[in-house]
Amino acid sequence: MFKRVLIANRGEIAVRVIRACRELGVETVAVYSDADRSALHVQYADYAYPIGPAPSAESYLVVEKILAVAKQSGAEAIHPGYGFLSERASFAQACTDAGIVFIGPQPEAIEQMGDKVTARAIMQKAGVPVVPGTDVLGDEDEVIAAANTIGFPVMFKASAGGGGKGMRLVEKKEDVISSLRSVRSEAKSSFGDDRMYIEKFIEKPRHVEVQVLGDTYGNIIHLYERECSLQRRHQKVIEESPSLAINQDVREQMGQIAVEAAQAVQYVGAGTVEFLVDAHQNFYFLEMNTRIQVEHPITELVTGVDLVKAQIEIAAGEALTIKQEDVRQRGWAIECRIYAEDPDRDFFPSPGKIQILRTPGGYGVRDDSGVYEGWEVPIHYDPMISKLCAYGRTRDEAIQRMLRALQEYIVEGIVTNIPFHRWALTHPRFVAGDIDTGFIPQEYTGLPEEEDHLRHEIILAAAALAAYHKDQELARSITGSVSSSAGVSAWRASGWREGLR
Amino acid sequence: MFKRVLIANRGEIAVRVIRACRELGVETVAVYSDADRSALHVQYADYAYPIGPAPSAESYLVVEKILAVAKQSGAEAIHPGYGFLSERASFAQACTDAGIVFIGPQPEAIEQMGDKVTARAIMQKAGVPVVPGTDVLGDEDEVIAAANTIGFPVMFKASAGGGGKGMRLVEKKEDVISSLRSVRSEAKSSFGDDRMYIEKFIEKPRHVEVQVLGDTYGNIIHLYERECSLQRRHQKVIEESPSLAINQDVREQMGQIAVEAAQAVQYVGAGTVEFLVDAHQNFYFLEMNTRIQVEHPITELVTGVDLVKAQIEIAAGEALTIKQEDVRQRGWAIECRIYAEDPDRDFFPSPGKIQILRTPGGYGVRDDSGVYEGWEVPIHYDPMISKLCAYGRTRDEAIQRMLRALQEYIVEGIVTNIPFHRWALTHPRFVAGDIDTGFIPQEYTGLPEEEDHLRHEIILAAAALAAYHKDQELARSITGSVSSSAGVSAWRASGWREGLR
Amino acid sequence: MAYKAKLGDQTYTIDVQELGEHKYKIMIDDEEHLIDGRQLTGHMYSLLVENQSFTVDVAEKDDEYTVAYEGKSFRVHLLDERKARRGGAEAGLGGAEEKDVRSMMPGKVVELLVNEGDQVEKDQSVIVIEAMKMENEIRAAVAGTVKAIHVEAGQVVESGQLLIELEEA
Amino acid sequence: MAYKAKLGDQTYTIDVQELGEHKYKIMIDDEEHLIDGRQLTGHMYSLLVENQSFTVDVAEKDDEYTVAYEGKSFRVHLLDERKARRGGAEAGLGGAEEKDVRSMMPGKVVELLVNEGDQVEKDQSVIVIEAMKMENEIRAAVAGTVKAIHVEAGQVVESGQLLIELEEA
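Chains as they are written, first to last, in this note's numbering: chain A, 15 to 515; chain B, 15 to 515; chain C, -13 to 155; chain D, -13 to 155.
Honestly, the hints are just simulated from the structure, not real lab data. Do not rely on the hints blindly, as some may be mistaken.
Computed cross-link-like contacts, BS3-like style, restricted to lysine-lysine with a CA-CA straight-line distance of at most 27 angstroms [unchecked claim]:
1) B:Lys17 <-> B:Lys79
2) C:Lys11 <-> C:Lys58
3) D:Lys(-8) <-> B:Lys367
4) D:Lys58 <-> B:Lys250
With the rest of the complex left out, here is chain A (with noise of 0.2 angstroms):
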């Protein structure tokens, strides 16, 4: 095992990556922008060294930087997290350029799947099933014979498409030749250039995702899937393990299929593979992220295995000690992700210095903290502040302890997205388990104005209770005597006025 691991990263999964270091009795090395001395990785890290101003360009992703605090530390390995440079093959190559372990796969890995054609080609031929589609089509016959293959609806696309223009939801034959022109049409006017191609259109598509772990030895083993369908902008905000999208055969089909996937690409460290899944369970290949997600902590809670950790025994030489016999879902996993952000002012940003915190605890609950009391949350990086999530033995469960970890968490100084995970937790749909990537578009207009009376009535008398004690205070504080721009002056004890009488 490692002596010294050095964390490039900031935030959370800084947090996650060191927590899982001590416990294997390895020592941390942090790195922080000039606006991140402060933080909590910094705190909790064995050392701490600076590589520059705020924005990440400037300091997370610069390359140099972090090799060299990785050379003058003495660490020999670098945890990239998720995000900055967890996912550039050239970073990766030049840790092992530099003699540096990489905890992570191996760069062609990374290079092979970053390039989303090179992945659907990839896995086309290990027999993964991709969204079916055609290549560039050329007459009207040809375009509707390759639709009647595909099967009825389907999108037409402009090669050169991008933004939502230039594609078209065909339902049926009829319509084939009236789309095809406008789609052309519509591609040369705006692209200038009026190639298309057919793709499958997936109905109501759920995002299920399936978590691999390879060792240097050529084993691999899947931890069973993640759904994140609830997405915001395709940003993921809650998601559960397992998945009500699919049924016990095909989620062992789906996580055979995850496995081959990654020996397709001799894949090393952990590794997520992202399908959509249709209304009839059929899944399509999406893509794969090589490094570890965000939402890892579910998988972890249901299947007691602790993924960061692998990542590292892994780096480190060592062989998966889980044979995927060993592996099994027990109970259900929701995470929350609580973003520093305004859920009735369109999710805008809220940064600012967090005056109080109290996260939740007692059982099932689980939180996943970048943050602090006192801490100012900084303007330059992702507003995700902490990880909370819940378990239980059953989804519903895990949805009761999630909403009452979730009344417990108080967060003050700056607004959180909590509120809104109370209304999608609460919701209908999502309690019936009807959810797909449109659920949080389709019916998110906005919290509920809660008209409840008593809950007015408090607000008011908790601001009038505390202006009271401002007053009460200012007049104590002037000894004997106030006056503030209440107009009331001269506070005088009456004591002292009636020894006068």
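Please build the complex by placing chains B, C and D on the supplied structure of chain A, with the hints as guidance.
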């Protein structure tokens, strides 16, 4: 299910019960003494009622007050927690008489198990092993015969004995006569009563207890064991599950016998059957606790069953949802009781205001706290402020995780026994699992004096830095000039003086 | 003390009266609440209202109170009566008359410092009200003539009660 | 600033010098430490010492500093030099001479307010030292005669350095 439940307790267990209720959608009613108006359980409850002065004899122990609040608040059931009224048959009866459901076993079971002699008799009748012993014995021959049947070594005990007096360990036959004489004479002189009996001597006894659950339909299951051998003055300090004291066969056997013990009193609710285990894995019934145990969380972590919820569901007349065959132990859990007491000063209690509280987080860490930052730990009650649990795939992982969590746990303003836990968890005997109820008295001689030079430098530097900042603030606060006892006087801005030059 | 509060687009009149240690009578418009209120730490309050428990956080910044309750923040603009009268208009509260002298809190009239017909300067003390063991000189918000005095020494007055009418100069 | 500290039964001389924002040179006896120190919240400090990270809590009560580190509390009795000289004995620090005038911090001598042979009263200002953009008049701890002056205007002095010797009256 109940609409509203009253929790006749305070501190962490009150919070624990409130959490279970919330997750069940049950409203909670807290009671509080004058010392607890601002306590965490009052904040977390839906309703809160005062029940008198700080001393528990005048508040938490007054049955009439509790019942009055129950009626006034419309609570249908009362959860007693542990301690206080939890094992008073009379209270359970009073609740029933008042038409309020007592969340716990029926009064008879409490009664029977409350009296140790009765309990021992019932257990023997049920075929549950108890520490082999005799009734009062007569002359030497009778004593020798009895000693032979039980088998050496044996304990000679004065019937009237107590406080370690009138007890003698007898290793072999040859010592019987001399020991008998001295015990009798000592008993005579000490208690004026020379009657004696013999009990088998349990060498290096380990405390292992089994959790049971019984519903009102006669279903009784066990949830395996907890080892609680680490005790200080019969006070449990660290518990773990599973136990290293027994192998799988004994584990299953012990569980089965615990179920039979519970059946012997038609037990309803959550209960614990305590056993003494000797070096040869022989186990003997010690007593049965007819309430939820402080250490119940480690069983929840290992089995995945929420025991407090189960208590409430059972009391509400629901049948057990788990079958014996569904109960499986997964992984390892350890609990450290965090007490407000000073391990450096013979565990002297240290009440006071909690200035800073930072609780540990991340995977496998569970904190059941009864306090919050700013709370004044009252002098009137148990010094336990929190229960910290760590869960891992293996015992070693659980230990390492606990050490990591203890390192993150920051409680300022009061002294806690956190350093003691770090000592215990790193002790070679504990790590090897070589523990018994004598471990702490035998091994603990105060905290190790870390003669770490750097540590001293840091401590001195921190103090100096704080002093320096204080002086600076003082200097700045008194605009332009300050006169401190430090003999520093008449500060003036240089700028000002320079202006004169 | 009496306050004018604005929550959302609604305006309320609130009166806080300290009954005893941590016990308050808070009138919101005409609704009375008996509250046991404790400051826990910093801005956190524990309120017991008819035995119902509420934990709220109140942050204040120049008369703007942000009350956080169950993860949601509510902005309450709060001014004591006098201030409401002074800056009311801009503060978006308005409504209160400018010139009349009113009691800011329930209390007892200790002394009248002016007589009807007197000329008073702006900010001149006109009456002394005793409340919560302290005496409080209330000043004229405007310069003018004392048109009418509606109370006498020793009289108990309610919060917000009209004490003296002024005729602006 | 120079301090005398007592940890356990050992006594140390500590000198704190502010090098820049949050950067300090702290001498403990003859050992020098370059420290990046930040106050996190309340009493909590994050210290980086040669890139090693330490999070400590420091609570102060009349010169008694309780430093909590990794769950253990350490009591440090701390006095600045002068105070150490004054109350040193009772404070259990002792050792320091009573009458000599020393610099409490590194700085520059701005002005000498006495000459050798002068009679000085107790608490009379005898010298002005400039440090951290402020000027600081140091007073005589005792009444007496100026026996010797060891510095001159403009001279840079170290913390704890002997400035003026007094002969007690």
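Hint numbers the structure violates, sorted upward?
When the structure is compared with the hints, none of them turns out to be violated.
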